[in-house]
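Keeping the supplied structure of chain A fixed, place chain B upon it in accordance with the hints.
Just so you know, the protein sequences line up as chains A and B, in that order.
Going by numbering that gives the first Met the number 0, the final residue of the first sequence carries number 88, and the count climbs one at a time with no gaps.
Going by numbering that gives the first Met the number 0, the final residue of the second sequence carries number 450, and the count climbs one at a time with no gaps.
Because the hints were derived from the structure by calculation, they are not lab data.
Heads up, some of the hints might be wrong.
Capping the alpha-carbon separation at 30 Å, the derived lysine-lysine pairs in DSSO-like fashion look like this [unchecked claim]:
(1) B:Lys-165 with B:Lys-406
(2) A:Lys-68 with A:Lys-9
(3) A:Lys-55 with B:Lys-257
(4) B:Lys-227 with B:Lys-261
(5) B:Lys-14 with A:Lys-9
(6) B:Lys-227 with A:Lys-9
(7) A:Lys-51 with A:Lys-69
(8) B:Lys-14 with A:Lys-55
(9) B:Lys-14 with A:Lys-70
(10) B:Lys-352 with B:Lys-314
(11) B:Lys-64 with A:Lys-9
(12) B:Lys-103 with B:Lys-64
(13) A:Lys-51 with B:Lys-64
(14) B:Lys-165 with B:Lys-433
(15) A:Lys-68 with B:Lys-14
(16) A:Lys-69 with B:Lys-14
(17) A:Lys-51 with B:Lys-261
(18) A:Lys-51 with B:Lys-257
(19) B:Lys-38 with B:Lys-64
(20) A:Lys-68 with B:Lys-314
(21) A:Lys-69 with B:Lys-64
(22) A:Lys-55 with B:Lys-407
(23) B:Lys-103 with B:Lys-119
(24) A:Lys-55 with B:Lys-433
(25) B:Lys-243 with B:Lys-394
(26) B:Lys-313 with B:Lys-64
(27) B:Lys-14 with B:Lys-38
(28) B:Lys-313 with B:Lys-394
(29) B:Lys-242 with B:Lys-313
Fair warning: this is a prediction, and the values are worked out from it, not measured in the lab.
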Amino acid sequence: MRAVITVVGKDMVGILAGVSGLCAECGANVIEVSQSILQDMFCMIMLVDMSKSSVKFSDFSDILQESGKKKGLVIHVMHEDIFNSMHRI
Amino acid sequence: MINTRDILETIHMIKDENLDIRTITMGISLLDCISTDAKQACDRIYDKITRVAGNLVRVGYDIEKEYGIPIINKRVSVTPIAMIAAASGGDPVRFALTLDRAAKELGIDFLGGYSALVQKGFAAGDERLIRSIPEALSSTEFVCSSVNVGSTKAGINMDAVALMGKIIKESAQRTADACCIGAAKLVAFCNAPEDNPFMAGAFHGAGEPDCVINVGVSGPGVVRHALKECPDGDITDVADIIKKTAFKITRMGQLVAKEAAKRLNVPFGIVDLSLAPTPAVGDSVAHILEEMGLEHCGAHGTTAALAILNDAVKKGGIMASSHVGGLSGAFIPVTEDAGMIEAVRAGSLTIEKLEAMTAVCSVGLDMLIIPGDTPPEVISAILADEAAIGMINSKTTAIRLIPAIGKKVGEELNFGGLLGSGPVMKLNTASPEKFISRGGRIPAPLQSLKN
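Just chain A, same shape as in the assembly (with noise of 0.2 Å):
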């Protein structure tokens, strides 16, 4: 399964490393990156592929909104095939 990841939050050093070194960790493998400034905020969206990953979907959800939370970001990490549903017939 594919889940998107996304992080809004002020702009700093090191805000793509942490997420992509958290899903490296757990073993989710990033396919694609968008990410845009807009006055100051950042913000990003990462699709990642879970289907080798060494950790539960809920657990993965956790730790990143966690360390989000450390950073001042908010993370949410949702199942593609929400969006998918919502905008595509």
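Okay, now just chain B, sitting in the frame of chain A:
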């Protein structure tokens, strides 16, 4: 990859506009639990419910976590208990206690089906069950009850209507210390659907499969926000925006329903295309109507605005789901909707206007607090009016009225949680006693002859 804007829109809907799955409801048939021995029937019921729905709460939690969409309630609906209790006779309350114990064991939020279907008359067990409702609701925590008193096909059972006035009042009296909560767990229907996932009226109809998953979605906040983006559009634009938004909301319901059904190894039943408000700010159906251009919900124009909303929700939702059912439409439960509560307090929303609104909304007079000294025949007459609207218009109508024991017009009741709070509303005090005491049955209308 999916468009960035779409991703952010979905997250915004969930995090800021209260989009959620209101309920995953598992319908369970109890027909194979019937026994002439009541204790044996109760044991079978407990075993079946806890076995079949054993993973319901965990699966709900897993889906919530994985898809990032809140699932507010996990519920169970069962075959109307009047059918089960008819075989064994005796006091039906023991069945209610069994259901309550099963609900507690499962960790679900509500269990519906302490019900009787009496639109054409009372079968064995029906009247006894109805008379036991006040005791059953006051001695259980999770059990919800419903009675279907009429239908377009059968007409209206006025003996049941007369009885329900007393039962509703007694349910409130018996729970007077707990905000009269008994009456909030009791619905009297006309044209009750057999696959409704919403409480308090959920039950598992006799024509349903052995076990099934039904899902109810919710998202008034999302619709209101979408309308806010288009302040100057005409009514056609408004209807189109609602349709598009309802489509997206329902797609999410369809996804969750399919996934829950797969994980629980149970067939997927229906998605209920609903806009169900909560007392939370930003989750109100009344505020959608106000966003359309009414100063207050209840103003002249409210019925038209609600008709547009209700119809557009169905049109948008129906293409998003493979099977649609339940109550499908916009709910107008007064105490559960921040905007409705404000409108009642401001004197803009009255029971007469609400009655008109029920002709075009998904259900009926829902979560209305009425004076505690309201005579039973007045409650019966309100039910008769609602049932007549449902019968003639071939739609589901219902009443869920809470007589606030010891309280008068203007005073308030506060249930807390999803049930909310609200002021006691004024009723017409002219007596319908003679009309209600006649009993008998309102003949099925011409609309019933469709063959």
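These are the hints, each one checked on the structure:
1. Taking the CA atoms of Lys-165 (chain B) and Lys-406 (chain B), the gap is about 18 Å. The hint holds against a cut of 30 Å.
2. Taking the CA atoms of Lys-68 (chain A) and Lys-9 (chain A), the gap is near 12 Å; set against the 30 Å cutoff, the hint holds.
3. Only pairs whose Cα atoms come within 30 Å are accepted, and Lys-55 (chain A) paired with Lys-257 (chain B) is accepted, the gap being roughly 21 Å.
4. Among the hinted pairs, Lys-227 (chain B) with Lys-261 (chain B) is inconsistent with the structure: their alpha-carbon atoms are about 37 Å apart, more than 30 Å.
5. A threshold of 30 Å between alpha carbons decides the hint, and for Lys-14 (chain B) with Lys-9 (chain A) the separation of about 19 Å falls inside it, so the pair holds.
6. Simply put, Lys-227 (chain B) and Lys-9 (chain A) have alpha-carbon atoms about 28 Å apart, close enough for the 30 Å limit, and the pair holds.
7. A threshold of 30 Å between alpha carbons decides the hint, and for Lys-51 (chain A) with Lys-69 (chain A) the separation of about 27 Å falls inside it, so the pair holds.
8. A C-alpha spacing of about 23 Å is found between Lys-14 (chain B) and Lys-55 (chain A), which places the hinted pair at or below 30 Å, so the restraint holds.
9. For the hint linking Lys-14 (chain B) to Lys-70 (chain A), the alpha-carbon distance of about 20 Å falls within 30 Å, and the restraint holds.
10. A hinted pair counts as satisfied when its Cα atoms are at most 30 Å apart, and Lys-352 (chain B) with Lys-314 (chain B) qualifies at roughly 25 Å.
11. Restraint check: the Cα-Cα separation between Lys-64 (chain B) and Lys-9 (chain A) comes to about 26 Å, which is no more than 30 Å; the hinted pair holds.
12. Taking the CA atoms of Lys-103 (chain B) and Lys-64 (chain B), the gap is about 23 Å. The hint holds against a cut of 30 Å.
13. Of the supplied pair hints, the one linking Lys-51 (chain A) and Lys-64 (chain B) holds, its CA atoms being roughly 19 Å apart against a limit of 30 Å.
14. Note on Lys-165 (chain B) and Lys-433 (chain B): the hinted pairing holds, with a Cα-Cα distance of about 15 Å set against a maximum of 30 Å.
15. Distance check on the hinted pair: Lys-68 (chain A) and Lys-14 (chain B) sit about 16 Å apart at the alpha-carbon level, within 30 Å; holds.
16. Only pairs whose Cα atoms come within 30 Å are accepted, and Lys-69 (chain A) paired with Lys-14 (chain B) is accepted, the gap being roughly 20 Å.
17. A C-alpha spacing of about 22 Å is found between Lys-51 (chain A) and Lys-261 (chain B), which places the hinted pair at or below 30 Å, so the restraint holds.
18. Our distance criterion of 30 Å between C-alpha atoms is met by Lys-51 (chain A) and Lys-257 (chain B), whose separation comes to about 24 Å.
19. For a cut-off of 30 Å, the pair hint linking Lys-38 (chain B) to Lys-64 (chain B) is broken: about 39 Å separates their Cα positions.
20. With a C-alpha separation of about 41 Å, the suggested pair Lys-68 (chain A) and Lys-314 (chain B) falls outside the 30 Å cut-off, and the hint is violated.
21. Between the alpha carbons of Lys-69 (chain A) and Lys-64 (chain B) the distance comes to roughly 21 Å, so the proposed pair stays at or under 30 Å and holds.
22. Among the hinted pairs, Lys-55 (chain A) with Lys-407 (chain B) is inconsistent with the structure: their alpha-carbon atoms are about 55 Å apart, more than 30 Å.
23. Distance restraint check for Lys-103 (chain B) and Lys-119 (chain B): the Cα-Cα separation of roughly 34 Å exceeds the 30 Å cut-off, and the hinted pair is therefore not satisfied.
24. Between Lys-55 (chain A) and Lys-433 (chain B) the CA atoms are separated by roughly 66 Å; this puts the pair beyond 30 Å, and the hint is violated.
25. Restraint check for Lys-243 (chain B) and Lys-394 (chain B): the C-alpha separation of about 24 Å stays at or below 30 Å, so the hint holds.
26. For the hint pairing Lys-313 (chain B) with Lys-64 (chain B), the CA-to-CA distance comes to about 28 Å; that is within 30 Å, so the pair holds.
27. The hinted pair formed by Lys-14 (chain B) and Lys-38 (chain B) fails the criterion: a straight-line CA distance of about 47 Å is larger than 30 Å.
28. Annotation: proposed proximity of Lys-313 (chain B) to Lys-394 (chain B) holds, straight-line Cα distance about 14 Å (limit 30 Å).
29. Restraint check for Lys-242 (chain B) and Lys-313 (chain B): the C-alpha separation of about 8 Å stays at or below 30 Å, so the hint holds.
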